[in-house]
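Student: From just these sequences and the hints, can you work out the full model?
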Amino acid sequence: MSRIYLAIAIALSMSFSVAAWAQDQSEEIDELRQRVQELEERLDQQSTTPESATTTAEPGLPTTADQPATTSGAPAPTSNKFNPAISLILNAKYRYFKLDPNTYTVGGFVPPGGHGHGGEEEGGHGGGFGPGDRGFSLDETELAFSANVDPYWFGFVQAGILDGEVDIEEAYIQNSGYVPGLLVKAGRFFSGMGYINEQHPHAWDFVDAPLVQLAMNGINYGDDGVQLRYVAPTPLFLEFGLEAGRGANFPGSERNKNGPNAWVGFVHLGGDVGFSNSYQIGASYRDTTAEEREFDDEDSLGNEIENHFVDLKSKTYGIDFVWKWAPNGDPSVRNFKFQAEYYRRTEDGQLEYDLDMAGAGPLEGPYKSEQDGWYAQGVWQFMPRWRVGVRYDLLDSGTLEYGPITDGTISREDLQQLREHKPERATIMVDFSSSEYTRFRLQYSEDKARFDETDQQLIFQYVVSLGAHGAHKF
Amino acid sequence: MSATPERTHQNVMLNMETLMRQLIVFFCITLACALPAVAHGKVRAFACEPEWAALLEELGGNQVKVYQATSPKQDPHRVEARPSLIARMRVADLIVCSGSDLEIGWLPVLLQSAGNRDVQPGQPGYFMASDYVRRLEVPDRVDRSMGDVHPSGNPHVHLDPRNLAIIATALSKRLAEIDRENAEFYQTRNVTFQERWSASIERWEREAIDLKGLRLVTYHRDAIYLVNWLGMELTTTIEPKPGIPPSTRHLSKLLSELKAEPADAIVRMAFNDPKAPTWLSERTGIPVVELPYTVGGTKQAKDLFGLFDDTIDRLKVAAGRS
Ligand SMILES: [Zn+2]
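The listed protein sequences derive, respectively, from chains A and B.
So the number in this note's numbering is just where the residue sits in the first sequence, counting from 1, plus 216.
So the number in this note's numbering is just where the residue sits in the second sequence, counting from 1, plus 11.
Hints are computed from structural coordinates only; laboratory data are not their basis.
Incorrect hints may have been included.
To be verified - Calculated pairs, SDA-like style, for lysine to any residue (alpha carbon to alpha carbon, straight line, at most 25 angstroms): (1) B/Lys313 <-> A/Pro543; (2) A/Lys553 <-> B/Gly254; (3) A/Lys309 <-> B/Arg155; (4) B/Lys84 <-> A/Lys309; (5) B/Lys252 <-> B/Glu148; (6) B/Lys270 <-> B/Thr259; (7) A/Lys689 <-> A/Tyr446; (8) B/Lys286 <-> A/Thr654; (9) B/Lys252 <-> A/Phe656; (10) A/Lys553 <-> B/Pro285; (11) B/Lys53 <-> B/Lys84; (12) A/Lys638 <-> A/Asp512; (13) B/Lys76 <-> A/Phe656; (14) A/Lys638 <-> A/Asp668; (15) A/Lys664 <-> A/Tyr310.
Tutor: What follows is the structure, given as structure tokens:
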């Protein structure tokens with residue numbers, strides 16, 4: 217049997233590559249034909265324009281008696297013609313926290329970093345999960361390269377650099393439109409689920425991620441894998457996306473498996489209302505499994521409970537909404553942006569747990585939870601350069617079926633991390649951009665992510681970008 | 012707009028018949044969605060700015076269906092890469108933009124998100140108008156301390172009608188390349204356009220002879236080709252550096268400069284915020300002249316001919332030389 221499969225596989229891959237080769241050939245011919253035509257065109261134009269003798273590089277120029285302040289022969293200096301576009305993002309903060317950031321936790325939720333408490337250091341992919349350090353600190357410097365690899369592929373890499381650590385946030389190749397409307401991405405990338413997930417932190421409108429983003433996606437949910445997007449040929453923007461990936465990142469885990477461990481599907485729909493308004497709505501779904509995820513909880517007396525998820529199915533559903541307003545579509549003086557996202561996650565599976573106080577070996581039991589949360593924010597640019605914003609976050613720790621509870625050892629109220637809680641946060645911010653490349657931001661939050669105490673957080677931040685001119689998605 | 016078929020019979024078991032029916036419904040909806048893309052044999056052109064939409068209309072007539080991505084009330088440097096623009100770029104056979112990084116803040120996102128290979132750089136469907144003319148103000152060195160400068164020269168090339176003549180010929184050839192069947196049609200239209208256009212240029216140059224030496228203040232250096240063509244002078248800009256909005260301090264500095272060395276008119280393009288030009292005008296007595304900048308920027312600038320008719324008329328009124 218396996219030999220037949222092998223034969224089929226070889227036959228398929230060969231026929232595919234032959235077809236691709238044939239297509240490449242005809243494309244090359246087309247390209248050559250086109251180049252010849254372009255050359256002919258240029259020659260045509262040069263012979264018809266009077267000043268053609270003086271310039272050969274730029275075809276066709278208006279005849280002007282006096283050319284002021286032009287450097288006619290000078291080559292365009294910066295747009296490094298063959299080299300990748302390079303950009304560098306610098307980011308530093310000053311933070312004031314009323315409460316010790318080392319005690320930070322989003323109560324009622326299994327932390328994305330794997331441990332109950334902790335500051336910036338404990339995060340994995342995409343930076344820390346805590347609110348960061350008190351006082352002055354330099355945050356990750358982001359370095360991005362991008363360029364067309366050849367006529368078919370575009371390459372992009374973005375790395376976060378901080379104190380001897382280099383973290384590849386994204387590194388992918390992308391083909392655009394080999395099949396009309398189809399975008400193929402492969403490598404490591406931020407998932408297209410939701411709205412804010414695909415944005416790098418420097419593009420956010422607030423210093424930090426929404427709580428629901430933190431609890432469900434661990435700052436930016438990214439994966440190593442393949443993404444297909446299909447943009448439908450419709451007057452309204454309609455896009456479908458499918459991702460298959462390694463799934464090693466929270467809420468999944470490493471699995472030592474040949475097939476993909478995480479699947480993501482999403483759909484986006486967007487359009488305009490008149491000249492001044494545009495919107496995008498989206499829905500997304502993620503299916504992943506955790507086998508290696510661990511986290512420690514405590515009971516009210518401080519006895520440790522070690523948890524190890526053996527086979528946990530994690531499903532996340534999300535909807536997202538963005539509305540932008542700018543008078544006549546021109547955002548330069550005034551504009552307004554509203555965005556909101558809602559996520560619900562269900563997790564169901566087996567748990568190995570070890571109770572400190574029981575002294576016995578690890579026990580097995582169920583783990584089942586259903587949790588949700590949302591945020592909404594509005595940002596108002598009231599004059600050039602100046603914006604103010606408000607954001608509200610609310611999570612619900614939801615229902616929990618948990619081995620140590622079902623076996624009667626402990627009650628949910630006794631758990632230090634997974635007891636019931638509705639984390640909540642209200643944030644206001646003001647920012648000033650001296651140019652398109654610079655942003656200074658002051659932000660204040662009343663954060664009730666912890667169980668009983670309210671943290672007051674005051675953060676001052678700057679984000680600047682050097683190098684290639686960035687272009688931001690909607 | 013919805014492309015998902017609704018499930019109607021949830022109580023019956025999913026047999027082959029209902030499955031087929033659902034497939035057919037889905038197929039029909041998909042087809043209906045795709046229909047606007049294939050219903051006609053016209054060239055679908057995506058024009059980044061109104062001037063290129065107008066030129067496409069002159070050259071393409073009823074063979075080209077033009078989608079104008081931005082309005083004359085929008086600063087072309089600062090356009091959002093809106094979902095609706097991605098959708099339009101998805102089905103375009105040709106995109107026509109100014110190029111030279113004018114659209115750098117939004118066009119790359121559209122090109123990357125639309126999944127349309129025909130309009131990628133290097134393809135016949137990718138047409139950047141400023142590639143065909145000599146650009147002014149190409150900086151020797153580029154540094155962001157100079158503001159958001161355009162590294163490959165000033166991209167606002169359409170305000171010199173002689174540039175438009177050259178671009179029209181190149182664009183006409185491009186249309187013929189994309190739509191070979193109608194090659195002759197495009198050629199004829201271009202010839203007609205060029206005849207009318209060169210006659211108009213002569214007329215405009217005659218009419219504007221008095222504008223020579225007129226000293227203008229503009230918001231951004233987007234009138235340089237116009238100024239260069241008509242032999243006027245651009246004394247200073249309201250924005251201190253390209254892309255940097257003026258602060259109060261900069262405005263008061265500008266005010267004393269203008270008092271010391273007055274200009275003839277302060278130009279406000281249709282998309283510029285009126286605040287700063289009005290403020291300066293009130294304190295210096297220099298008249299504000301509102302220029303269309305592009306087709307549709309004023310009521311009179313209905314097409315490319317109207318754009319220059321109106322621009323010259325307004326400048327003459329402001330200069331008191333009408
Ligand atoms: Zn400009």
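Student: Hints broken by the structure, by number, lowest first?
Tutor: 4, 11 and 13
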